[in-house]
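Taken in order, these protein sequences are the chains called A and B.
Position 160, counted from 1, in the first sequence is what this note's numbering calls 160; the numbers after and before it change by one each time, with no gaps.
Position 285, counted from 1, in the second sequence is what this note's numbering calls 1285; the numbers after and before it change by one each time, with no gaps.
Hint data in this document are derived by calculation from the structure and do not stem from the laboratory.
By construction, the Cβ of each residue, glycine as well, lies at the ideal position given by its N, Cα and C atoms.
Treat the hints with care, as some may be off.
[Unchecked claim] Here are the simulated DSS-like pairs of lysine-lysine, each with C-alpha atoms no more than 27 Å apart in a straight line:
no.	chain 1	residue 1	chain 2	residue 2
1	B	Lys1302	B	Lys1290
2	A	Lys153	B	Lys1290
3	B	Lys1170	A	Lys153
4	B	Lys1302	A	Lys153
5	A	Lys153	B	Lys1223
[Claimed, not checked] Calculated from the model, a selection of chain B residues having no Cβ within reach of chain A, i.e. all distances over 12 Å:
no.	residue
6	Gly1093
7	Ala1220
8	Arg1250
9	Asp1334
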Amino acid sequence: MQGRSLAFSGSHVSAQLYLNVAVSGLLTGLIYGLSALGLSVIFGVIRIVNFAHGEMMVLGMFATLVLFRALGIDPLLSLPLVAAALFAFGYVLQDLVVRRVAHLADHMQFLLMAAVAVMLISVCLMMFGPDAQGAQVSYGFDSFAIGPLLVDKVRVYAGVAALIVSGLLFAFFHYTLTGKAIRACGDNYTGARVVGLNVRRLYALTFGIGTACLGAAGAIMLLLVDVHPYLGPSYTLLAFIIVIIGGMGSLPGALLGGMLIGISEALAGVILQPSLKSAFSFGLLILVLLVRPQGLLGKVAR
Amino acid sequence: MDRRHLLTTGAALGAASTLALPTRLLAAGAPLKVGVLLPRSGVQAGIGQDCQRGVDIAAPILKSLGLPDLEIMNGDTESKVEIARSTAEKLIGAGAQLLIGAFDSGQTTAIAQVAEQKGVPLVINIAAAPQITEQGYKFVFRNFPTAGTILSNAFEQQKAVFAQVGHAPKSVVFMHVNDTFGTAMAGGIGKVMPKFDMPYKIVETIAYDPAARDLSVEIAKAKATGAEALLCVSRLNDAILLTREMIKQRWTPQAVLSMGPGWYEDQYLKTLGKYSDGPLTFSPWYDPKKKLSQTLVAALAKKHPNVNLNTNHVFTFEALLIAADAYKRAGSADPKALAEAIRKTNITDNSSMGPGIMFNAKGQNDKVVDGTVQNVGGKQVVVQPEASATAKAIWPLPAYDKRG
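So that you can see chain B by itself, here it is in the shape it has in the complex (with noise of 0.2 Å):
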């Protein structure tokens, strides 16, 4: 070995260890840089900070189950696809190791590509659009269910309802809010409804604008339609005006059957009061049997003593525990390294419905299921499925001007 190569395989060795160092440091205890990406302002700002309360309790119960510290990095898509484009990239190069997010299936599906690009893991807390996790990507994990299982799910536990209270509706009437979730839903209900042989014709669709500002006209149209049950995807704003309407224009149907969010939300608890109780929600829940569950309960209610528990929070935190468990298991904040620690997950003792989180080929967790949820006293009951039920459902609506 002559001087000059003694000098080039010196420097060279010297740049590997030093290369090498982080994940050595990590490794020996440093925690995982995690950008958590999610709607902190613009119209998705509610529940995107509602996400972030599950961010808030989940430090100490990681540590108290053995995990590894996680350094949080906030990200704000801002409500929007390309905000949520360029903040992802901007996280990992802040040093971002692995990414979560995003609520909304368009900022996640953008979040998606830079993650894969740049060959980062992401974790999806929650978004529904089948799509993402479809396209063969290697680094995006998913726990949430696709809008399919969702719609799925949904008629299944109707039916379990039904039976239950020993009553179906013979019509509804479907109304859905006229953005990508909406139409997605409402797209989709025409293939998956089929499949179960719903006791109930829908009589009459009626999609309204995201953005609307009054709903007076909606129910109006949808109480003329005679139906005796409302079937609905809608946001939260949505929910409390269709509320609000049903309740002036003195109609209470049988049931509202939501398959989305709103109407199991604190907002709409509080805002309505004595009027939320009785809509049934069939969507992504937490079962209330788990320990883990208990834990998550009893953590918001110290952090927040007027919030209660919901599929925001529980799928935040999930997110974040996947995210530690496979980073304790790899041992190293190597992105592949922790992308295999990902794939291999099997969380049973975890808190959402199903038997826990473990991912397919896909990065798909296809085991988690969904949960019926009725307002009761201003709580959210599980109703559905039975293993997790804590209750069984009030059948028909109680009469809105017979509330006292």
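Next comes chain A alone, as it looks inside the complex (with noise of 0.2 Å):
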């Protein structure tokens, strides 16, 4: 295949290009699913939209940061202390300030969110200041190079260690007692009180673990991208395309929105021009909704 060009737009484009970029954009693709598990766990259950769904990432990415600088814990290492912390911050958000609007109308729940969001940006403003800050691990600019496939060794690390968290996530939901209870309160809020379940305690457990994929997905994303401030509105954005494509509420879903976007983003680099490539994710968005409105592994509400 090596050497064979494929005629496009003009240009020659290699079939390697095509297979190296598609490569790459699956594994960011399972990162961005990452992130947008935290929103889709989240609204699937509390029915609550986290507007500061990015600016809790980006949390995640500083507090990341300040392990790699202060202990010079490498990021992938310091995940789960990250995630923790993230889970902390979620479950007493919900507990003491989310739950408090829970009954109000959705607009309020909405400003809710948005002024959490720009308070994290001011207090990251404040702490970190404006400038783009990256971790420099050792194997930052290594690739693996596999044929004429050169697939960047971050990446690689980054989409396994995305797989490896939304397995624990999927499994927790699946095969565990507090899991199946979550989703009970998801599926039916009253049915769940009815059979005793602590919905409070619950509900704030499933911010926690939402903000917890959040903190996961900025330890990783912190390999990839030089973190500020004002990072978090572009992921929030991103994680709702995903959602909506994948399915609000499904897990699977936003994995697989993550993975469509992810190849869909790069490929529409290669064959059209990279900056369209945000121009080719709301495409499908308004494609998605058009089709299949409740997204491809989501459910009819009724």
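Build the complex: two chains, separate frames, hints provided.
The structure is reproduced here in structure tokens:
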């Protein structure tokens, strides 16, 4: 295959290029999927749309950066610590603040989460300044060469870590009693209360798990992207696109949506123009909304 | 004169003398109130705060030059055009007698409109959009080259570098950020490049989103063109992303020829370490051989030990220099007198490249020129023009995978 050229858009782009780009897009998509899982978990159970999603991930990135700089801990190794810290943050936020607006109209909830987002940006700006900062790991510039395929080592590690975290999350929701109880709360709030589940605690746990996912995604993302306080909104938007494509509240849907966006953005960059990558994501979103409004793996709301 | 007339005249004289008092006081040594508008927050916050370093070091240097004191009034444009406009209005309302700013062309255009409307002089530190000084404004002055000048200088100096190293690439891939500055430069290339008979052809143009999180596809595409060199117009974060991807995808072009910010900035050098060496940047810069540049280097080293002097510091400092110099010559904070004094500026012992600071009828310093800067050993070294160069250009770009 090497050296064979395909003519497209007036330029010669080799099959090798497509292969490299598709693999890179798939690995990036896995990380996008992991970050979107946090949004999907929270919405799927508590029915709160987390507008501070991206900012919470940025918080996870900064926490990872601090551990890397202060203690020299590799971002992948600090992942459990950061996820635990974000879990605690999410648990407390839900139990002390979000819970108190759960009965209010949707727009009031949106405003609350938007306010949390602004506060997180301000705190990060105050503590870390406006500059983009990254963690320079020893393998940061390495890549695996498999025949004509060149795969970024960081993306491989990040993609594998995203798969492991996602697998643990699926296992938790399907094979543990607490996980099943959380799903029961999401499926039938009244029924869950009737059978005696402690819904308040389970909601806080769910929010904590959602933010823990963001902490894990943030730790992984720091290997790929430099963090700065204003990074959040673009990731919030991206997560919305992913969960809507995959299906709001569907965990496999979030992962599938992430991979689809990752691959399609990457290929659109080659086939069309790189500056059209975002437009392509939104095009995909519109298409899914027209053809399958509940998302690829979502259920129709009754 | 009857009693009523006497009272009216007396009141009028009293009012006139009261109104005239501030000007007299200023002339007697009161500092000039200067509103410094910068993007201190928002997406350009890093650069805005870098520009502020030029303000931080100014006071003692201006004093040593025998210039009057300035009272700095800080304004934050939040990297937004509409906030830039309203902040300019607020600063003028709070007593600013001269404005300086604002790094970004869009924000500066909005501030220029306010300055002209209110009749308060604006000295632009950094902004390249040509139209700002093409509006016939009387109160707007710019000591920074326009996009056209930056491009013309860049092509001239590229040829000088090729002659110096005895080699020129035959093909380049042009990558540019898809924002106002990037698209203006991309549009300008089509018009300006044919005039310079460049030795290379642009084999492909790749535009990318300024907020891109990942530029792996862009670099894969650029590498696949087989171009000998990379010509680019970028910002800081994308310059870092592009470099990382070039290393990971094992692509070292003969040269990186940058015609914008990013590749020479301290954060680029610190983030990439040994991988930051080699890119050539064609950009407005300071002349390292000028005395004032050496003063600025020393002052910055004292105030911010880990920061290298750059365009942001120098042109922001020079804007304050212009303000203080004009205030001294005008002897008054009267806006018209200040504007007139700025128009007659003739500072030859400045820091930026070119013969000095002087403005044409449009308020543009058309004498200021680019320099060619190469990153060598974590420092920015001037390699062109010859008169200002402190070293020869290193060619080709050292291979990324052989840097130890």
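Problem - Those earlier numbered hints the structure runs against, lowest number first - result: Result: hints 2, 3, 4, 7, 8 break, sorted rising.
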